[in-house]
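A.B. asks: Chain residues, written in single-letter form:
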Amino acid sequence: MSEFIYLLRNVTKVYDGRCVLRVDYLGIRQGEIFAVVGPSGAGKSTLLRLLNFLEPPTTGHIRFLDAEFNPVQPMPLELRRRVTTVFQRPVLLDRSVWANVTYGLWLRGQRDSDALVQAVLDQVGLAALAHQRARTLSGGEAQRVALARAMVLQPDVLLLDEPTANLDPYNVGLIEDIVRALNRDHGVTVVLVTHNVFQARRLAHRAALLLGGELIEVAEAEVFFQSPRDPRTKAFVRGEMVY
Amino acid sequence: MWQSLVRAIYLILTRDAALMEIVALSLRVTGTALLCSTILGIPLGVFLGLKRFIGRRMVIALMYTGMGFPPVVVGLFVYMLLSRSGPLGRLGWPIIPSLFTPAAMVVAQTIIAFPMVAGFTMAAVMSVDPGLRQQVQALGATPWQTALTILLEARIGVITSIIAGFGSIISEVGAVMMVGGNIEHSTRVLTTAIVLETSKGDFSLAMALGLILLGLAFVTNLSMLRLQGRALDR
Numbered sequence: 001m002s003e004f005i006y007l008l009r010n011v012t013k014v015y016d017g018r019c020v021l022r023v024d025y026l027g028i029r030q031g032e033i034f035a036v037v038g039p040s041g042a043g044k045s046t047l048l049r050l051l052n053f054l055e056p057p058t059t060g061h062i063r064f065l066d067a068e069f070n071p072v073q074p075m076p077l078e079l080r081r082r083v084t085t086v087f088q089r090p091v092l093l094d095r096s097v098w099a100n101v102t103y104g105l106w107l108r109g110q111r112d113s114d115a116l117v118q119a120v121l122d123q124v125g126l127a128a129l130a131h132q133r134a135r136t137l138s139g140g141e142a143q144r145v146a147l148a149r150a151m152v153l154q155p156d157v158l159l160l161d162e163p164t165a166n167l168d169p170y171n172v173g174l175i176e177d178i179v180r181a182l183n184r185d186h187g188v189t190v191v192l193v194t195h196n197v198f199q200a201r202r203l204a205h206r207a208a209l210l211l212g213g214e215l216i217e218v219a220e221a222e223v224f225f226q227s228p229r230d231p232r233t234k235a236f237v238r239g240e241m242v243y
Numbered sequence: 244m245w246q247s248l249v250r251a252i253y254l255i256l257t258r259d260a261a262l263m264e265i266v267a268l269s270l271r272v273t274g275t276a277l278l279c280s281t282i283l284g285i286p287l288g289v290f291l292g293l294k295r296f297i298g299r300r301m302v303i304a305l306m307y308t309g310m311g312f313p314p315v316v317v318g319l320f321v322y323m324l325l326s327r328s329g330p331l332g333r334l335g336w337p338i339i340p341s342l343f344t345p346a347a348m349v350v351a352q353t354i355i356a357f358p359m360v361a362g363f364t365m366a367a368v369m370s371v372d373p374g375l376r377q378q379v380q381a382l383g384a385t386p387w388q389t390a391l392t393i394l395l396e397a398r399i400g401v402i403t404s405i406i407a408g409f410g411s412i413i414s415e416v417g418a419v420m421m422v423g424g425n426i427e428h429s430t431r432v433l434t435t436a437i438v439l440e441t442s443k444g445d446f447s448l449a450m451a452l453g454l455i456l457l458g459l460a461f462v463t464n465l466s467m468l469r470l471q472g473r474a475l476d477r
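Just so you know, the protein sequences line up as chains A and B, in that order.
Mapped onto the working numbering, the consecutive letters of the first sequence carry residue numbers 1 to 243.
Mapped onto the working numbering, the consecutive letters of the second sequence carry residue numbers 244 to 477.
Since the hints were made in silico from the structure, they are not lab data.
Even for Gly, the Cβ is constructed at its ideal location relative to N, Cα and C.
Some clues are possibly wrong.
A few chain B residues that face chain A, going by a derived Cβ cut-off under 7 angstroms, partial list only [as the list claims (entries may be wrong)]: (1) 257; (2) 259; (3) 374; (4) 375; (5) 380; (6) 381; (7) 382; (8) 383; (9) 384; (10) 427.
All chains should be built: construct the whole structure from the sequences, respecting the hints.
C.D. replies: Right, here's the structure in full:
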């Protein structure tokens with residue numbers, strides 16, 4: 001079996017005649033934290049949508065485990081359900097925290113997961129708010145509900161789309177710790193999309209720079225952040241304007 | 244007038260047989276029409292709210308036109324369809340209702356209420372945060388589960404659409420008069436009975452029927468306000 005959980009080849013995504021993503025080759029390893037950094041509009045969120053099989057690529061192939069995802073071949077539901085995303089803006093159901101966290105389990109017909117849900121709520125520090133209406137929560141609490149909702153599904157891959165943007169340092173630290181623990185203790189592959197170079201540096205094993213929809217450089221975290229090959233990566237990592 | 248009002252209240256309190264028969268038929272016809280409108284209108288509203296397809300605007304324009312359709316025109320349309328020389332009436336199939344029956348009234352009321360249920364459901368579905376759809380799909384929802392989740396999130400708007408549909412047909416008179424014929428013990432409902440009793444000069448019964456109709460309209464609006472208030476209080 002390949003070391004890569006995802007393998008992307010000649011992938012493009014075109015909206016209204018404009019190519020917003022072009023990835024000739026990208027492999028994401030099983031059990032790693034892979035950070036994709038880049039400015040707004042670089043195609044990071046588009047890449048995550050493709051990795052979550054929410055929409056097909058315009059051209060090219062995405063291999064996930066042993067299955068193929070391309071413009072004419074959708075990903076089977078059981079494999080699609082092994083991946084989930086936590087978005088930048090948590091959109092919660094107008095129900096209790098508990099109902100939100102169990103929602104994905106309900107979709108899968110799993111009804112007897114109270115112990116798991118309770119454990120996850122404890123882990124994200126929301127056990128005391130389990131029966132509160134989710135829409136009354138603060139931004140940080142809501143994002144932790146979104147994370148808990150993904151965690152109870154015990155996914156193989158967790159996709160994070162700017163998960164801590166607009167959060168206070170306390171919640172940022174809490175969420176980063178949870179992500180690290182998920183990866184370390186449960187072997188969850190994490191793909192983190194962020195424009196926050198510091199966060200990518202704190203969490204990632206490997207990192208990539210996406211600019212104008214194109215992958216500029218992919219490297220081990222140490223190389224990527226300390227001695228990148230491409231001058232654009234160097235500039236981005238240093239916080240210089242590159243777009 | 245006071246005498247008529249006292250007598251009307253007496254008829255209501257003593258559950259006058261003629262009065263109760265008319266109320267029961269009204270609720271049965273309107274209830275059945277509302278059920279049909281809900282079965283047709285909610286799926287259409289959800290579909291129009293979630294799907295983008297060629298001709299969607301035209302369908303929505305037709306639906307909005309249906310929402311403002313004068314009931315008497317609907318009555319004329321159903322009358323022509325179901326009359327013995329009409330395109331459906333001449334078929335003589337048992338499934339096609341005859342004119343001057345409660346079933347014909349149900350057809351007319353369904354046509355009046357269904358665009359309202361569909362239109363308000365569509366608006367409710369479209370008011371749900373667009374990010375929710377992507378979120379539930381990312382959590383592994385199938386297309387049906389996605390639609391159901393969005394419908395549940397829009398539940399207050401959907402219930403309001405059903406109540407609005409009920410309000411539009413319980414008080415309607417033109418269509419049911421034309422296709423029902425206001426036949427005693429058969430197709431006489433609250434509104435048509437009020438018209439008849441007033442023309443006969445029996446203001447007591449007309450007023451009793453009017454009070455019941457007002458009560459139903461009040462309960463309907465109160466339910467709507469309660470639901471909207473619950474949404475507005477959030």
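A.B. asks: None of the hints should be skipped; say for each whether it holds.
C.D. replies: Checked hints:
1. 257: 46 angstroms, violated
2. 259: It is violated, given that the least Cβ distance between residue 259 of chain B and chain A is near 46 angstroms, above 7 angstroms.
3. 374: Residue 374 of chain B check passes; min Cβ-Cβ to chain A is 4 angstroms, inside 7 angstroms.
4. 375: 5 angstroms, holds
5. 380: 6 angstroms, holds
6. 381: 4 angstroms, holds
7. 382: 4 angstroms, holds
8. 383: Since the shortest Cβ distance to chain A is 4 angstroms, the answer is holds.
9. 384: 5 angstroms, holds
10. 427: Given a least distance of 49 angstroms, the restraint on residue 427 of chain B is violated.
Comparing the model with each earlier hint shows violations of hints 1, 2, 10; every other hint is respected.
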